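Visitor: Each chain, written out:
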Amino acid sequence: MGVMRLGHVRLRVLDLEAALDHYTGVLGLLPVHRDPDGTAYLKGWDEWDFYSVILVEADEAGIDSFAFKVESEADLDRYREASLGHGVAVAECEAGEVPFCGRALAVTLPSGHLMHLYAEKRFHGKATGNLNPDPWPDGLKGAGGHWLDHVMIMCELDPARGINKVAENVAYFRDVLGFGLGEQVVAGPDGDVQAAAWMFCTTTPHDIAFGAGPRAGLHHVSFFLDDWSDVLRTADILAKRKVKVDVTPQRHGITRGSTTYFFDPSGNRNETFAGLGYLTQKDMPTITWTEENLWRGIFYHSGDVVGDFLGVYT
Amino acid sequence: MSGHSIVLAGVEHVFACSDEQNVLSALSAVHHRAIRSGCHGGGCGVCKVKVHEGQWRRGCMSRAHVSAEEEAEGIVLACRIWPESDLVIEAWGKLPARLARRAGLLPCEADT
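Sequence order for the protein chains is H and F. Numbering of the first sequence is given in full-length UniProt numbering, commencing with residue 1 and proceeding in unit increments. Numbering of the second sequence is given in full-length UniProt numbering, commencing with residue 1 and proceeding in unit increments.
Be careful, since some hints might not be right.
Claimed, not checked - Per label pair, the in silico range of CB-to-CB distance:
id	chain 1	residue 1	chain 2	residue 2	range
1	F	A29	H	W228	29 to 37 angstroms
2	H	E292	F	A29	32 to 40 angstroms
3	F	V88	H	L232	37 to 45 angstroms
4	F	S67	H	A74	29 to 37 angstroms
5	H	P133	F	S85	54 to 62 angstroms
6	F	G93	H	G303	26 to 34 angstroms
To be verified - Chain H side only, calculated, beta carbon under 7 angstroms to chain F, not exhaustive:
id	residue
7	L14
8	D15
9	D59
10	E60
11	V247
12	Q250
13	G253
14	G267
Since the hints were derived computationally from the structure, they do not count as laboratory data. All values derive from a computational prediction rather than experimental measurement. For every residue, glycine included, the Cβ atom is placed at its ideal position computed from N, Cα and C.
This is chain H alone, in the form it adopts within the complex (with noise of 0.2 angstroms):
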């Protein structure tokens, strides 16, 4: 029973072909359908359920919306009360509403964003089949990313005004739908403040992160390598096709991960991620980095401010 994974991201785009061929060609995702309007539906080559992301063309850069996957039709009736009891606003969706899935919440996020839950999506299949399997498909393109692994949004903080949608974002997913908090980091004068949050419904170190700016929007979705050669060979196919990098290969103090960023054609930014970092499990401890080692979290490598790195996003 309970959440268990990050089942899609909805991505506006501002020119939906060139956000095609990006998405295809250097991430290597596989298309699976297009809607009338050109809307776009992609996978991971390892991911078995229909989709994992939407593009939609759209005058704005961003995250329209995501999506986890919960083990059954109760746990959504089951999140709906919790999440009214939380003061948090949830809808029902009938099934079809999320394109190829069943019933359906929106809820909106104490951060403003649109998050839905559901429990069906129709199924596709791994691209090696589950019989006998080869341990990975021929034909890839770009990257070939596995999967998508996890999402991170911005979410105003303004102490001055007592606004702290990463705190708010923390409780709802701890407290309604029984996520980990698997690191944090705490800022200001007093340590005090909730600046960015990690946290799981697997056991790997992230699902969902929730970063501090002065508004809501989208940091980065992420997608899955097996391990650091394959971060090697992306940042190499990024130079190759000319793609605006915005971090080269390197680890990430935070969750242990090895990565590369950059950013798609609408200026969404993206990363590709290998390893698992570390097994989490419900009962293990929180991981705190303090505002003075924010940036040795980040970058492990360097420690180095880079202040776009957070001040950059759409």
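Since the structure of chain H is already known, use the hints to place chain F on it.
Guide: For chain F alone, kept in the frame of chain H given last:
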């Protein structure tokens, strides 16, 4: 491919930019920090400029950061304009970073 001059208000250096190169990349190529370099895709809004003189063509840019009214006044994102003549431009607003610094939690680089 023809070259154009980009004059940035308050900066002595005159930048060279071909008509196949977006204005931000011309500025970034010489590591000039008068205009912030962000996503290079028209989505994040940090490279906002006002074009005072010259002609350009535009690519997609987010309406979250440039309204139709602003665009009509020549306020655009430097990463999404390509010069068709010499240009005179001015950095326009740095709101996202300034607000972040005001929160006192994000140690950003100093203004230049």
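Visitor: All hints, please: hold or fail.
Guide: Going down the list of hints, with the structure as the test:
1. F:A29 - H:W228: 29 to 37 angstroms: 30 angstroms, holds
2. H:E292 - F:A29: 32 to 40 angstroms: The hint (32 to 40 angstroms, Cβ to Cβ) holds, given that E292 of chain H and A29 of chain F are roughly 34 angstroms apart.
3. F:V88 - H:L232: 37 to 45 angstroms: This hint holds: roughly 42 angstroms between Cβ atoms.
4. F:S67 - H:A74: 29 to 37 angstroms: With a Cβ separation near 46 angstroms, S67 of chain F and A74 of chain H fall outside 29 to 37 angstroms, so the hint is violated.
5. H:P133 - F:S85: 54 to 62 angstroms: 59 angstroms, holds
6. F:G93 - H:G303: 26 to 34 angstroms: Holds, at about 30 angstroms.
7. L14: 4 angstroms, holds
8. D15: 5 angstroms, holds
9. D59: 4 angstroms, holds
10. E60: 4 angstroms, holds
11. V247: Cβ of V247 of chain H sits 13 angstroms from chain F, so the hint is violated.
12. Q250: 19 angstroms, violated
13. G253: 16 angstroms, violated
14. G267: 2 angstroms, holds
The structure is inconsistent with the numbered hints 4, 11, 12 and 13, although it conforms to all the rest.
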